[in-house]
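Engineer: This is what each chain is made of:
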Amino acid sequence: MSNNQDKTNGLNALSDRLKKRMAEPVEKKPQVEQTVALPSTEPALIDLTLNGKQVKAKAGETILELARRLRIHIPTLCHDPRLPADGACRLCVVEVEGSNRLLTSCETRVAPDMVVKTNSAKVRQARQVMLDLLFSNHPDDCLTCKDSGHCKLQNYCYEYGVVRGSYRDFGRKIEPKDKTNPFYDYDPEKCILCGQCVRVCADLQCTDAITLEGRGEATRVRTPNRVGLEHSRCVSCGNCVAVCPTGALMPKRQPDRWFGTKKTRTTCSYCGVGCQMHLITKDGKLVGVEPVQGAEPNDGMLCVKGRFSWNFVQHPDRLKTPLIRKNGKLEEASWEEALNLVASKLRETKDTYGPDSIAGFSSARATNEDNYLFQKMLRAVIGTNNVDHCARL
Amino acid sequence: MTNSIAEVKHNNCVFVIGSNTTENHPVIGSMIKRAKRSGATLIVADPRKIELAEEADVYMQITPGANIALINAMCQVIIEEDLWDKEVVAARCDEDEFEDLRTHLENYTPEAVEDITGVAPELVRKAARMFAEADGAGIYYAMGITQHTAGTHGVMSLSNLALITGNIGRENAGINPLRGQNNVQGACDMGCLPSDLPGYQKVNKPEVIEKFEKVWERPLSPKVGLTLTEIMADIPKTIKFLYVFGENPAVSDPDSTHVEHALKSVDFLVCQDLFLSETAEFADVVLPACSFAEKDGTFTNTERRVQRVRKSVEPIGSSRADWQIFMELMRRLGYDRHYRHPGEIMDEIRTLVPSYAGISYERIEGDGLQWPCLNDEHPGTKYLHKEKISRGIGLLAPIDSKDPAELVSKDYPYILTTGRNLYHYHTRTMTKLNEGIEKLAGESYVEISPILASRLGILNGDRIRVASRRGEIESNARVTEIIDEDVIFMPFHYSEGANVLTNTAHDPFCKIPELKVCAVRVEKA
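Listed in order, the protein sequences are those of chains D and H. Adding 95 to a residue's 1-based position in the first sequence gives its number in our numbering. Adding 16 to a residue's 1-based position in the second sequence gives its number in our numbering.
Just chain D, with the same shape it has in the complex (with noise of 0.2 Å):
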């Protein structure tokens, strides 16, 4: 029984923590701080004592922005560095010296001469114990799992050697899933209640679809008024599932499990806002998309086009070769072929009726290097000053 009210309390005082800063009103920021234009001082630099180590701390970070900074590992299942500390998992907590219990290490400022231990065996212990708690109240269906390789949750009990879930015998939340986006699902069995998803929406989206409704152990993420997803707010951005650390809100196309993907960065093409994306390809089929977290300018957000509507790459739709119209009708050709065409088109439109009876419309979604090429044709190659394209349209 006692184990019981350890996994509860576990679990309260971590969806509590959430709900208090849930209820605090968004703080509004002083005028001081929405115009600085001036080129930030440098920090103050602070000496202090890491895993044993001498190292220098800048003023007013917290331990674990130091520790990321210095490439030190500190797991955590709720932190995002564009939002503030939450503390809700616990998972970051690390050892001070003159501190009688464990502090988590996201909300933990610096100080001169802190003696910090990231990695101590009480810190291990204390890990291992919040990660034996999550994972007894989730489902151990890892081998089946389609985000096997990409959760947190189950590369941090692989880690700290969490098998099975010592409390999985007292029982586990058993709830539906939402499966009435079009784009994502969510499975509240999976979700570890860190919050991210709602926090992301609420305070970095603006959308407000989803938030954390229940006390205690009846915590659970959902849509205002139980609407569920397809009568929400959401608009489908995908922003929540980005950032979810575990299967509970996963992409409805997807990779089948992570291992063996590749991750390519590059620019959406979608809109003018150039977001930063990753490509998810898995033995030559693009699998998926992913915000790349901490670049400018999107800074790890997307939408719906550039996050959920990319099958068009390889849909069967594509052309695959060139067409000729024969008789009426436009028929397969080989490169050599519609190529040779074209040129002796252009040649011979060019010879009869002058280099300005050609004009050409170049593309708003091509990159700057086919469009340069495609005036340089033009201008250079034909002599016509004829290229325009849809910037006004």
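Don't read these hints as lab results, they were simulated from the structure. Errors might be hidden in some of the hints.
[Unchecked claim] Below are the SDA-like pairs computed for lysine to any residue, each with C-alpha atoms no more than 20 Å apart in a straight line:
1) 280/H with 436/D
2) 415/D with 330/H
3) 358/D with 327/H
4) 424/D with 292/H
5) 52/H with 394/D
6) 424/D with 276/H
7) 415/D with 329/H
8) 455/H with 277/D
9) 377/D with 327/H
10) 440/D with 284/H
11) 445/D with 284/H
12) 445/D with 254/H
13) 65/H with 328/D
14) 274/D with 455/H
15) 445/D with 238/H
16) 347/D with 455/H
17) 380/D with 330/H
18) 440/D with 351/H
19) 65/H with 303/D
20) 52/H with 178/D
21) 377/D with 331/H
22) 440/D with 254/H
23) 421/D with 297/H
24) 455/H with 345/D
25) 445/D with 252/H
26) 357/D with 329/H
27) 445/D with 352/H
28) 415/D with 292/H
29) 421/D with 292/H
30) 218/H with 478/D
Assemble chain H onto chain D, guided by the hints.
Structural biologist: Just chain H now, with coordinates in the frame of chain D:
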């Protein structure tokens, strides 16, 4: 954009006019909301009560085509109430021009233009004060400003507003056009304009021609070419060969009936695309091109940031990257210049375009660089006009409000305005293949106010017929309170859609068609 996307959330006041940002540039839209939620003020002017209007401190439901009257009225209030930035105007503008502007604006009090704008004078005053008093106010606009016969003047009036309030050449402010397509900025930068060689260097300037002739080793024509709408009008009379690359004018251009006729009657039509688009259906030769995921290159975004595009999968079928196709064609036409990789094309661009001179593939491996980037050490430019206004002094031009080319009449009593929705991209060639998108936005629709709908006996979801002087279409009525009485809205994405109705009348300076206003008749189908 004069300024950068990352600055949006630090603006003290955000003024959105003619941009449905949360649907058309969703990531910037969310940043505007963040600015508002962390203390900035938000002013929205749009014919539709768009999502941002819900959060706005001041929302002005403006009649389509009345932008200049509204912006002039805001400037009038700012000058009359002595809220203009004297220091900046003295330092960056011409005092006589300012006095002329002051006199000119006397006719543009909010009361005087109320009949044109449809906005209550007290709202205009409130907005003007809010904008002028903010410590860093940014203007964000899109096609709602530009797709008018007075589009250029609309932008110039915004420039007046920004200049007299000292919001040009400072951080967290500026005039920020939001470009609709991923590389519309880059296509302009690269000289895909009839009057401009790459880098906006004019084709009719002898020193420019000489510079390009030297690098390209071919004689160039100094004669300004034709714009898209002019090319369409000159088919088949003088234009005999049309090469359409990655565009779908059959759907995107105004007056589709005429466009279709032109595409049918041109002697030879080449289409280079990912799909057999509505335009490609008319082609004599169709060339299969690679998508962005199958090739390397760069796009330039709306904040002038040149960013890498990287190949992640092999080209489908025998499709080829556009640059490879052009290189092949040029070779066949006797111009043998071989590029092994798009990076080599960028190296050629750098030698010709001063604002790209410092942009090499090595330097943009990470977050890219914002032009002007003048040399290999230059860090790029976060916001423009910092030290001084690029043209010397800030131009304060007295701009007059002008009626749209087409006014409502007895036969066509309502205004149609067009735009995009969140889910689709341009003419849907890419997005219509996604079943989720199609589920949420699969069919064309017409937004109509409950008042107009009830007057015409139309219920939500009814089939309705919309006719303009150019054509007639059928679509589904979407009865919504976001739109004004006597105005209807239609997204242009769908092939049997808005551009059958729209007007080709265009702005005399930049030739942009007036897609935002035409007169229509509406009835139940």
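Engineer: Look at each hint and say if it fits the structure.
Structural biologist: Taking the hints in turn, this is what the structure says about them:
1. About 19 Å separates the Cα atoms of residue 280/H and residue 436/D, which keeps this hinted pair within 20 Å; it holds.
2. Only pairs whose Cα atoms come within 20 Å are accepted, and residue 415/D paired with residue 330/H is accepted, the gap being roughly 12 Å.
3. This hinted pair checks out: residue 358/D and residue 327/H have alpha carbons roughly 11 Å apart, not beyond 20 Å.
4. A distance of roughly 13 Å separates the Cα atoms of residue 424/D and residue 292/H; the hinted pair therefore holds under the 20 Å criterion.
5. For the proposed pair residue 52/H and residue 394/D, the alpha carbon gap of about 18 Å is at most 20 Å, so the pair holds.
6. Between the alpha carbons of residue 424/D and residue 276/H the distance comes to roughly 17 Å, so the proposed pair stays at or under 20 Å and holds.
7. A hinted pair counts as satisfied when its Cα atoms are at most 20 Å apart, and residue 415/D with residue 329/H qualifies at roughly 15 Å.
8. For a cut-off of 20 Å, the pair hint linking residue 455/H to residue 277/D stands: about 8 Å separates their Cα positions.
9. The suggested pairing of residue 377/D with residue 327/H holds, with an alpha-carbon distance near 14 Å, which does not exceed 20 Å.
10. Note on residue 440/D and residue 284/H: the hinted pairing holds, with a Cα-Cα distance of about 8 Å set against a maximum of 20 Å.
11. At roughly 12 Å between alpha-carbon atoms, residue 445/D and residue 284/H fall within 20 Å of each other, so this suggested pair holds.
12. Simply put, residue 445/D and residue 254/H have alpha-carbon atoms about 12 Å apart, close enough for the 20 Å limit, and the pair holds.
13. Proximity of residue 65/H to residue 328/D is assessed by CA-CA distance (about 16 Å); at most 20 Å being required, the pair is judged to hold.
14. Taking the CA atoms of residue 274/D and residue 455/H, the gap is about 14 Å. The hint holds against a cut of 20 Å.
15. Restraint check: the Cα-Cα separation between residue 445/D and residue 238/H comes to about 17 Å, which is no more than 20 Å; the hinted pair holds.
16. Proximity of residue 347/D to residue 455/H is assessed by CA-CA distance (about 14 Å); at most 20 Å being required, the pair is judged to hold.
17. This hinted pair checks out: residue 380/D and residue 330/H have alpha carbons roughly 9 Å apart, not beyond 20 Å.
18. Simply put, residue 440/D and residue 351/H have alpha-carbon atoms about 16 Å apart, close enough for the 20 Å limit, and the pair holds.
19. Distance restraint check for residue 65/H and residue 303/D: the Cα-Cα separation of roughly 19 Å lies within the 20 Å cut-off, and the hinted pair is therefore satisfied.
20. This hinted pair checks out: residue 52/H and residue 178/D have alpha carbons roughly 16 Å apart, not beyond 20 Å.
21. A distance of roughly 15 Å separates the Cα atoms of residue 377/D and residue 331/H; the hinted pair therefore holds under the 20 Å criterion.
22. The hinted pair formed by residue 440/D and residue 254/H meets the criterion: a straight-line CA distance of about 16 Å does not exceed 20 Å.
23. Taken as a hint, the residue 421/D and residue 297/H pair is honoured in the structure, with Cα atoms around 13 Å apart against an allowance of 20 Å.
24. Of the supplied pair hints, the one linking residue 455/H and residue 345/D holds, its CA atoms being roughly 19 Å apart against a limit of 20 Å.
25. For the proposed pair residue 445/D and residue 252/H, the alpha carbon gap of about 15 Å is at most 20 Å, so the pair holds.
26. The straight-line distance between the Cα atoms of residue 357/D and residue 329/H is roughly 10 Å, inside the 20 Å bound, and the hint therefore holds.
27. The straight-line distance between the Cα atoms of residue 445/D and residue 352/H is roughly 19 Å, inside the 20 Å bound, and the hint therefore holds.
28. In summary, the hint linking residue 415/D to residue 292/H is supported, as the alpha carbons are separated by about 10 Å, within the 20 Å threshold.
29. Proposed proximity of residue 421/D and residue 292/H is supported: the alpha carbons are some 16 Å apart, at most 20 Å.
30. With a C-alpha separation of about 15 Å, the suggested pair residue 218/H and residue 478/D falls inside the 20 Å cut-off, and the hint holds.
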